[in-house]
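Modelling step: build the complete structure from the supplied sequences, incorporating the hints.
Residue numbers (the numbering used here), protein chains in the order written: chain A, 1 to 1026; chain B, 1 to 151; chain C, 1 to 330.
Take the hints with a grain of salt, since some may be wrong.
Calculated cross-link-like contacts (lysine to aspartate or glutamate; reagent style EDC-like; alpha-carbon spacing at most 20 Å) [to be verified]:
(1) 134(A) / 247(C)
(2) 244(A) / 236(C)
(3) 67(A) / 92(B)
(4) 212(A) / 225(C)
(5) 985(A) / 92(B)
(6) 165(C) / 770(A)
(7) 134(A) / 236(C)
For the chain A half of the interface with chain C, some residues (derived, Cβ under 10 Å), not all of them [stated by the list, open to error]:
(8) 120
(9) 230
(10) 231
(11) 581
(12) 583
Worth flagging that the hints you see were computed from the coordinates, not collected in a lab.
Heads up, the beta-carbon is just placed ideally off N, CA and C, and yes, glycines get one too.
Read off the chains here:
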Amino acid sequence: MSDEEGKIGAVMVVGGGIAGMQAALDLADSGYLVYVVDSSPSIGGAMAQLDKTFPTHDCAMCILSPKLVATGRHQNVKLMMASDIHAIEGKPGNFTVFVKRKARYVDETKCTGCGLCTLRCPIEVRDEYNKGLKLRKAIYLKYPQAVPPVHTIDRDHCIGCGVCETQCEAGAIDFSGEEELVKVDVGSVILAPGFSEFDPRLKTEYGYGVFKNVLSSVELERMLSATGPYRGMVLRPSDGKRPKRMAFIQCVGSRDVQVGNPYCSSVCCMFAVKEALIAREHTPGLETHIFFMDMRAFGKEFDEYYARAEEEHGIVFTRNTRVARVSQNPETNNLYLWYAEHGKMKREEFDIVVLSIGFDSPKDVEKLTEKLGIKLNKHDFCQTDMFTPLDTSEPGIYVCGAFSSPKDIPDSVAQASGAACRAMSEIAGARGAMVTVKEYPPEIDVSGQEPKVGVFVCHCGINIGGVLDVPSLAEYAKTLPNVVHAEDNLYTCSQDTQQRISETIMEKGLNRVVVASCTPRTHTTIFQNTLMEAGLNPHLFEMANIRDQCSWVHMNVPKRATKKARTLIRMAVAKASLLEQLKPAEVEVVKSALVIGGGLSGMTAAVELARAGFDAHLVEKDSELGGLLRRIHFGCSGEDVQGFLERLVKQVEDDDRIRVYTSAELKEVSGSVGDFAAVIDSDGEEIETHQGVIIVATGGEEYEPTEYLYGKDPRVMTQLEFEEKLVTEGEIDAKCIVMVHCVGSRTTERPYCSRVCCTESVKNALRVKEMNPGIAVYSLFRDMRTYGFREEFYREAAEKGVVFIRFLEENEPVVSIDDQGKLEVRVLDDILQEELLINPDYVVLAAATLPARGNEELARMLKVPLNSHGFFLEAHMKLRPVDFATDGIFLCGLAHLPKFFEENVSQACGAVSRALSILSQDTLEGEATIALVDESMCRGCGVCVDTCEFGAPSLIMLENGRQVSHIDGALCKGCGSCSVSCCNKAITMLNFRTDQVLSMVESCFSEAKTPPAKREATVVEEVTET
Amino acid sequence: MTEAMAPAIEEEFQPSILVFCCNWCSYAGADLAGVSRLQYPVNVKVLRVMCSGRVDPYFILRALELGADGVLITGCEIGDCHYISGNVKAKERIERLSKLLDQIGIGSDRIRLEWIAASEGTKFAQVMEEFTDHITNLGPNPLKGSETGGG
Amino acid sequence: MTDFNPHIVGFLCNWCSYAGADLAGVSRIQYPTNIGVVRVMCSSSIDPVILIETMIRGADGVLIAGCHPGDCHYDTGNLHAERRVKIVHRLLDRCGLEPERIRLEWVSASEGSRFAEVVDNLVEEIRELGPNPVAGDQPDLDILERLYVARNVLGDFRLNLLVNKEHQIEDVSNVFGETIPKERMDELLDTVASEEFNRCNLLMLARDSSISVQQMADRTGLPEEEVLDHTVVLVDRGLLKVDRVDDGSPLYLTISQDRGRISTLPAWAQVEKRSIESSIRNLPDVDETTKAWIVRELLLTLRCHNCERRRSDACHFSVCIRGLMSGVVG
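What follows is the structure, encoded as C-alpha cells:
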C-alpha cells in the first residue's frame, strides 16, 4: 500500500473537467492510483458544453471524447461521480479523505447507457447541460457522449413512478440506493473544481432574464452545437427566427467592481470572437458586433485570429466601450444598446444580444475550502504564490485549472500536468505501490492455424433485439466461411457473457473472435481483455457495429436492417479471418531526461525531475544559469525574484541528480522516445549521452527596438532596462515618464502579442509611483492586456494617477527631440480624439519578447515544428500544450510563447509530468497497429517520409548499399496514410492491411458462398461436443 | 406498415453504398447519430479505418468494380485530423481519383468526400440521406452485373 | 333551447350504480329519458379515450357513476376513475368544451332515488349548456379538431402513465416508499396535459405544409417562446423536422408516422374540409362572413363520423352509440 515513509501511491483529483482529467491521466500513466471526485454525474466539465474551440475551431467534443474514454477506461483511474469531499485528515503523503457519494439509483456496473429508460420517463426537466434551452428527463445522461455512460435519477424531480425499472432490460435500476460515505487513502490531493458562470441577472442594466433575446455566451454556445437545442441553428428565443444583427457585450461580470468581480476572466474576448465567427457560419447574412474595452488576445495565434475576424470575416469591433444599458422594443423584441463612443452617447438596434459572462469561483467553494483548510484569495479563488503557482496554502494539496485563476483550456491542461507533477513528486517513493498489473495466461501462438472464428451477436436488451432478428443473425453467422461457433447473448458485455466467451474460446479452440454489438470505440478494450484472459492475442478481435449504426438508425425497417446487419457481420468475419497476432515494439527506457535551456523553465523542470527521482541533464548556452530571469528583479506584489533565482540556481547546482552543462549546446540528436542519443558540446568538449526524454526550454529574449529613437538617445530604454535602473539606482530623477506599449509586438512583421509587457509596464509604473508619487507617468497602450487577477494592478495604477492613453495601430506615437534637446512625445488619444504633446524625461518601451535564436537549428535537429514566428509548435494547441507530435519530446516556457513567471513554472512542471509518464516505465510499448516496410519491395523514394507528420519513417542504407525506408515503431501512430502513399505498395498497415480492408469491401457486395460441407461438419462437431 | 410495403420498395432500385469512416471523428459522428436515434437509409454500410488517409483509392475502385453504387469517404474537418494531415491527403487523393473516374466513364459523382465531426450526428444522418438520394437518382452502377462485377 | 333534448351516455358500474339504477326502476322513480346506459364492470374500466370519443360522436353529456370511495368492488377502481375524469375535464377545457358535460358521481346500490336525482340534475344542466357543438348538422370543426388532438394526447404514453400512476404515487407509495403531495401531482398533470395537448396541436398544424414558429403561435394563441420550446421537444422525439428556412425562419414539418400516432379528423372529413376551404378561397369579392356561411352550408353534406350517414339524413344517436361501443370495446 505505501512505501517505507508511510506515503501512499494514490492521488485524489477533485473535479473531472479537462484539467482534472489531464492530471488524472498523467498520474495514472505514471503508476499512481487516481480517484476522480466530481459532484456531477459525468466527467467532462465545462469543455463538454463547447461547440468549437478558439483559435483553431476544433470541434470540442471531437478532441475531448478520446480523453473522456481514456479516463473512463484507465485501469488506474477510479471515477467517483456525484460525490463531494466530506472531510480530510492526515498529512502530506498520507491523507484520509471521506467522500460523500450521492445515490444515483442506477447500478454503475449494470447500466449500459442505452437510454431506453429516458424515452419512457414522463418527467421533463430543464436540461442544465443545454442551459435550459432543451428538456431532459428525470432519469438522464448528462450528454450523449458522457463518461461513465451511466444514467442517473434526479431525485429532486423524480416522482417515483417506476417506469424506468420496467424499461431497463439490464436490471440496472436500483431504487434502494442511499448516500454513502466512502473512505479513501491518498498521498496527495489535486483541486481542479473549475469555475462557475457569472449570473448575468446581477447586471440588471442588460436585462438578462427579462428581455427574451438577451442570451449568455454559454447559451449561444449550446445553440451553435450540433447537439444543442436547435441542432446548430441560432434562433431568437422570442420568435424562433434567425437573427440578422447580433451584438456581444464583453466583460459581463468581469473587470467590474460593482458586482464584486474586479478581475478579468481572461477567456471571454476570444470566446466572443469565436462565437461571432461560428454564428456567422451558421447564420447566412448575420452581422456581428463586439462591444469591448480591451481585446485581450494574448495567447498563441490569438491576435492573428482577432485580425482575421475583423479583416476577412467582417466582424465589427467597437472598442473602448462598456455598454451602458440594453432596452427592448416591446413590439419586435429587438434590443437597443446604449453606449458611449468618443464621449457621445449612442444607441444601436440589434435583434439578439449575447452577454460574454465571466468566471466566478466554483460553486460551494467555501464548503470545499473549509473542509480542506486551504486559503482563498480575495476573489474566492484559490490562493497561490508567484513562486509556487501549483501549491495551495496546505502542503500536499495542489491546484490547477480555473480555480487558481480564470484561464483557457491549454493553460488549464498545462497547469493540470504541472499539478500532477507536484503531486507525484511528493509521493515519488510510492510510485507503483497502489496499482496492480493484471496477469494474463501465456499467449497461444495461432500463426499457421486455420482461422476458427467465433461470432457473438448481442441483443443489447431490446436495443438490438427489438429491431433486428438476432437469433437469425447468429444462425447466419454459422454459415459464413471459417466460422465454427456462433451464438446470441442478451448482453455480450455483461460479466457472465464475458466468462462464457472466454470458456468458448478455450473449449472450441477459437482463434478469432467477432462480436456484433455496439461501437468498437468504447467496447474494444473490454472484449480484448476477454481474449487475453483466454490466452489469445488481443488483436485477433473484430467488432460489427449493429446497434449504433444499424438497429438504432433503421428502427422502422426491421427486415432490411437485419439484412444490413448480416452484411456487417459478413464484413467483420471476412476481416477477422485475416487478422494476425500483433506485438507492439518494446523500447527500454533510459531513466533520465535532457533539458535544453537553463532559465526559469529549464531549471524548474530539472529540479522537479530530480524530486521525482530521475536524473536530469541541463544544457545552458550561456556561461551561467538563469536566462531572461536574470533581468527580472521583482514581481507585481514586490516579490524578490532575484533572491528566488539565487536559491533555484543553488538547488540545481547542489542536486546530485542534476548535471549542468554551461556554455553548452546540443550538437546532434538521434534515436527516439525512450532512448535519444545526444551529443552535447560543453565548453568545446563533446559529450555523448543517452536520454529517455527531451524537454525543450530554450526561453526567449527581449526585442531590441529600432523604433522611438531607441539606441539613439539614452533616455529611451526598454522596460527591462528601466527595471534594472529602478532597482540599481533606487530612485528616479524625473518629473515625467512616458511608457509605450506594443513595441515590436502586434506589428505586421511580428503580429503576435508578447503577453507580459502590459503587466510589466504597469508593474514598473507602480514602482515609480511608489518611489515618488509626484512623477507623472503616461502609459500609451493599444489594448491593456492585464488579464486574470493582474487587472487589479492596472486599476491600482490608474488610481495612483498613472495616465493611460489609448492609441490606434495606425496612429502610433511619435517620439522626437525638440530644439531644446528635450524628448517630445506626440500621440493621438483615441478616446478624446485629441493630439497630446508630452515632454518626458524618459521614454520606456515595452519591447516584444522574441523566440530564442537557436530555435530553428534545434527544431531541425529534433525534427519538431516551429510556428511562423519562430516559437515551437506544440502537438495540439488546445489539449497537448506541452507535448510535441513526436513522442518523448516536450516543451515549456518561452520556447512555446511569451508568458509570465508563474505560467512558466506551471508549464515546466507540466512538461515534467508528461515526461514522467514515459520515464516511470521500464519498457515502452508502442502502438501494435503500426505500419511496416517490406524492404524487398521498397525503392527508397522517401514519399512516406514526407507523408508522415510524426517522423516515423526515415531512409536508411542497407548493408548491400540499397536505400530503403524504415518505420520507427515507437513513433508510428498507425494512421496508415504512408501505406496509401507508397508507390510500390511496400508499406503494410497492420490491422488495416490492404487485403483485410479489401476483404471487407468484397464481402460488402457479395453474399458469401456457403460451403455446405463445412457447415455440416460444424453441426456434427457441435453435437459431439455438447 | 413499412415492412408490408417492403416488397413494393424492393422492386425499386436500392443502391448499395459503402462508407469509409475515420475512427476519430466520422465514426464517432455515426455513433452519435445512433445514440440520438436519427434514422437514415439502410443502404449505407460503414467500414471503419483509423484515418481517412488510410483510404487507398484502390479500395474505392475495387468497391465500384464489385458493384458498389456509391462510395462515401468521411473524415475529420480539415485541422481536426487526429493524425494532423491525413484528411488533407485523403482530399488530394479523392480529387485525383475523381478525375480518373470521370475519364473512365464511371463518373466522379458516385464517390464523395465529406467531413463529419464527432458531434455531428445530425450531419451524418443528413449526409447519408442526401447521398443515398443522389445515388438513387444516378441509378445503378454500370459495372454491376457485368463480367467483372460480383467477382 | 326549450325543445333541446340532450343525448346523455351513462356509464354505470356493475356493482353499485347499475344496481342503483335498477333500484330506481324497481321503486318506479321517474327520471328523464335522455340517458342511454352502458353497463361496465367498474368505473375504472372507462378509458379516457372513450370519453373523448363519446363527445366526438356527438353526446351532449356523459355520466360516469361508480361506487362510493371505499366501496369499490375492485378496491380502488373508482379512485382511478376519479383521476381519469379529472384529466378529461382538463382536456375538454382546452378543447373549448364545458367540462361539466362529463360528470362523475358516486351512486351506491341502495341509492335508487339518488340515481334519479343525479340524472335529473345532469339533464337540467346540459340543457342549460345547450347542445354539444360538434354534434348535429353544423359541427364546430375547430372544437372537433381539438377533440381529436385530446384523444391523441390521451392515447400517448406520457400522460397516460401519469394518470394511471397518480393514485399509487399520491395515496399509497412510490418506488422510494414516499408519497407525492396532491398539489404537486395536480400541478404536474396540469402541465403535462397542457404541454402534450399543445405539442399534438402543433404537429397537426405542421402536418400538411411547413410552418414557422410565428405562424404556429398565431394559430394556437400560444406565446412564440413556448412554441419554440415544443418544437425542440418534437424534433428530438423524431416527430417534427425543419423542412427549410424561409426568410430567416425555419419552417417545421411533421414527419409522417407509420404507426399512425397522429390521428385526426377522419380522412374523408379532412379531404372535404380542405376542398371546401380551397374552393371558396378563390371566390372573388366574398367577405369573411359569407365565406364562413358557405363553409357551414357545404359542411351540411358531411357525414356522421360513425355511421357515415349524411348529416342531413337524421342519424340516430342510439345507432351511433352502438357503433361506438362496438368500435372501442370490440
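Hints, one by one, checked against the model:
Note on residue 134(A) and residue 247(C): the hinted pairing is violated, with a Cα-Cα distance of about 25 Å set against a maximum of 20 Å. Restraint check: the Cα-Cα separation between residue 244(A) and residue 236(C) comes to about 26 Å, which exceeds 20 Å; the hinted pair is violated. The hinted pair formed by residue 67(A) and residue 92(B) fails the criterion: a straight-line CA distance of about 30 Å is larger than 20 Å. For a cut-off of 20 Å, the pair hint linking residue 212(A) to residue 225(C) stands: about 8 Å separates their Cα positions.
Among the hinted pairs, residue 985(A) with residue 92(B) is consistent with the structure: their alpha-carbon atoms are about 18 Å apart, no more than 20 Å. Straight-line distance between C-alpha atoms of residue 165(C) and residue 770(A) comes to about 74 Å, which puts the hinted pair past the 20 Å bound. Of the supplied pair hints, the one linking residue 134(A) and residue 236(C) holds, its CA atoms being roughly 9 Å apart against a limit of 20 Å. With a cut of 10 Å, the hint placing residue 120(A) at the interface with chain C holds, because the nearest CB-to-CB distance is about 7 Å.
For residue 230(A), the interface hint holds, since its Cβ comes within 10 Å of a Cβ in chain C; the closest pair sits about 7 Å apart. A least Cβ separation of about 7 Å between residue 231(A) and chain C falls short of the 10 Å threshold, and the interface hint therefore holds. Because the beta carbon of residue 581(A) sits about 44 Å from the nearest beta carbon in chain C, more than 10 Å, this interface hint is broken. Proximity of residue 583(A) to chain C is violated relative to the hint, the smallest CB-CB distance being about 47 Å (cut-off 10 Å).
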